[in-house]
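Going left to right, the sequence shown walks through residues 1 to 460 as full-length UniProt numbering numbers them.
No lab work stands behind these hints, which were simulated from the structure alone.
Yeah, the Cβ is synthetic: ideal placement off N, Cα and C, and Gly gets one too.
Heads up, a few of these hints could be off.
Said to hold, decoys possible - Distance condition first, Cα-Cα at most 20 Å in a straight line; then the derived SDA-like pairs of lysine to any residue: (1) Lys403 to Asp42; (2) Lys453 to Gly438; (3) Lys363 to Gly430; (4) Lys131 to Gly288; (5) Lys131 to Phe366; (6) Lys453 to Leu437; (7) Lys363 to Leu136; (8) Lys131 to Lys453; (9) Lys284 to Ile442; (10) Lys284 to Thr296; (11) Lys131 to Thr297; (12) Lys131 to Gly443; (13) Lys403 to Arg392; (14) Lys284 to Asp128; (15) Lys453 to Tyr435; (16) Lys284 to Ala132; (17) Lys131 to Asp42; (18) Lys284 to Arg392; (19) Lys284 to Cys300; (20) Lys131 to Ile358; (21) Lys403 to Ala386; (22) Lys403 to Ile419; (23) Lys363 to Val72.
As the list claims (entries may be wrong) - Label pairs and their calculated CB-CB ranges: (24) Pro405 to Asp428: 31 to 37 Å; (25) Ile64 to Ile134: 21 to 27 Å; (26) Ser208 to Leu183: 35 to 41 Å.
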Amino acid sequence: MTQSAHTDSPRPDPASQTGRPARYLATGQAVFIALGMMLTIDTLKTTPTIALAAGHWHFYLLWIAGGALSLVSALCYAELGSAFPHPGGDYHFLRLAYGVRVGALYAWSRFAIMHTGWMAVMGFMLADYVKAVIPLDPLTYRLAAMSCIAAIWGLTRIHVKLSFATQAGLVLLLIGGFASITLAAAMLTVHHQGFPILVPHQATVNSSAIGTALIYVFLAYGGWGDVATLSTELRNRRSGMVITMAGGIALLVTVYVVTSAAMVAGLGMDHLAHANAPAADLLKRVFGPPGAWVITTIVCIAAVSSIHSCLLTGARTTYAAAADLPGTGRIGQWHSASKGPAVAAMAECLMALLLVWIGSYSKAGFDAMIGYMTPVFWAFMLLSSAAVIVLRRRHPEVERPYKAPLHPLLPLIFIIFSIYMFVSSLQDLGAAAWYGLGVMGIGAVLIELLLRKRPRDDAY
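Work out the full structure: start from the sequences and follow the hints.
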């Protein structure tokens, strides 16, 4: 069995141990990384779904509410990350709060469903946009979706500091891409060539429609929990986590609201609600056929950025869990030369490639992967929010450099919201949602088999 990432202390400091991550990451750089973990191009595909379900004013309110609720959860995560720093992030929090089985089940779900599923989503979106400008046969389409995942894994093998620097650069390029959408809308508005902003759009706004819209809103906001995996690598241990999370979400809300408003201004609400590729429509009106190439470039940059951040953070959770379980081999080892969990990253990459290969045989791989991962994501969001309350009671002696305000109100708010989102995803996303839960169940069985191999004197 490899050296365990877990000790009897509720607050192990991996940075103090040989072969573990060191605190070298500046807060400003971490904000860019956090933004890269959360900022995603899927809004250019899912915004019409939100507009169709929500209508004009609800459309804006949902984006703002999504940002506010994300901040509520991020404040809870900031407390957990500052009090219990660990490269496993949620895995470590859940393990402390509920025990090894729940922690390991989260790590499995992140490995087999959530992170690798999202990497597959980004691969499909990249291939879809490439296909819009270059004809692709089914095999070439599949290889296009897979190649970006494999290429990004190769980048992480160079050196983690280079990878983090690359991530910050990708975020800047991505923000520039979103800015081009806003610029295009401004050009149309100035020349009075845009669609009317308030085209009557009669959305049927009910609880089911709002639930569906929120699922896609939080696809855009749902990466804040990943930032907790950086807790052991931040130089500023006291305030680094809260600044990183709050700063990243504030920038994210600004980008999404401004970009969404630009689409409404340039296309009109009715056109936006029924568009298949609203950003492509908008840029094509301004730049002509080259506009399709512009948006394809933006999507490729965003997909690469998102896959890269998922591979960085997801591999850390896999590494942390594997280090605590017998029979996982080198997956639970930290690679000192690359300053990262190299074998865990390779395993994540292979799993994501498998999901792309399987998903490519469905009619819509993008939608299938969203359904596959969403209910599992919200199940663990519920448990992570509750962990704030559980760990305050279980480990009151642990120093908390940052405490979430209004305790226990904030975690309770997000617990209730997570239950609503979990139920909505099962009702609205079809069979793929149940497949995701089934894979999680398979993980529970595998974990039980692995735990039976542990020595009797192991502390679990």
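Holds or violated: lysine 403 and arginine 392, Cα atoms, limit 20 Å. This hinted pair holds, its Cα atoms lying about 10 Å apart.
20 Å limit on alpha-carbon distance, applied to hinted pair lysine 131 and threonine 297: Since the Cα atoms of lysine 131 and threonine 297 sit roughly 12 Å apart, the hinted pair holds (cutoff 20 Å).
With 31 to 37 Å as the target window, see if proline 405 and aspartate 428 comply at their CB atoms. For proline 405 and aspartate 428 the Cβ distance comes to about 33 Å; the hint holds.
Lysine 403 and isoleucine 419: Cα distance at most 20 Å? Violated, because 24 Å separates the two Cα atoms, which is more than 20 Å.
Measure nothing beyond the straight line between the CA atoms of lysine 284 and threonine 296; if it is 20 Å or shorter, mark the hint as holding. With Cα atoms ~12 Å apart, lysine 284 and threonine 296 stay inside 20 Å; holds.
With a cut-off of 20 Å on the C-alpha distance, tell me whether lysine 453 and leucine 437 pass. Violated: lysine 453 and leucine 437 sit about 25 Å apart, past 20 Å.
Regarding the pair lysine 131 and isoleucine 358, is the alpha-carbon distance no greater than 20 Å? Distance of about 19 Å is within 20 Å: holds.
Regarding the pair lysine 453 and glycine 438, is the alpha-carbon distance no greater than 20 Å? Outside the cut-off at roughly 24 Å; violated.
Within 20 Å, alpha carbon to alpha carbon, are lysine 131 and glycine 288? At roughly 18 Å apart (the allowed maximum being 20 Å), glycine 288 and lysine 131 satisfy the hint.
When you check the alpha-carbon spacing of lysine 363 and leucine 136, does it fall within 20 Å? holds (15 Å)
Quickly compare the C-alpha distance for lysine 453 and tyrosine 435 to 20 Å and report which way the hint goes. violated (28 Å)
Quickly compare the C-alpha distance for lysine 284 and aspartate 128 to 20 Å and report which way the hint goes. Holds: lysine 284 and aspartate 128 sit about 17 Å apart, inside 20 Å.
Checked against the numbered hints listed earlier, the structure breaks hints 1, 2, 6, 8, 9, 12, 15, 18, 22, 23, 25; every other hint is satisfied.
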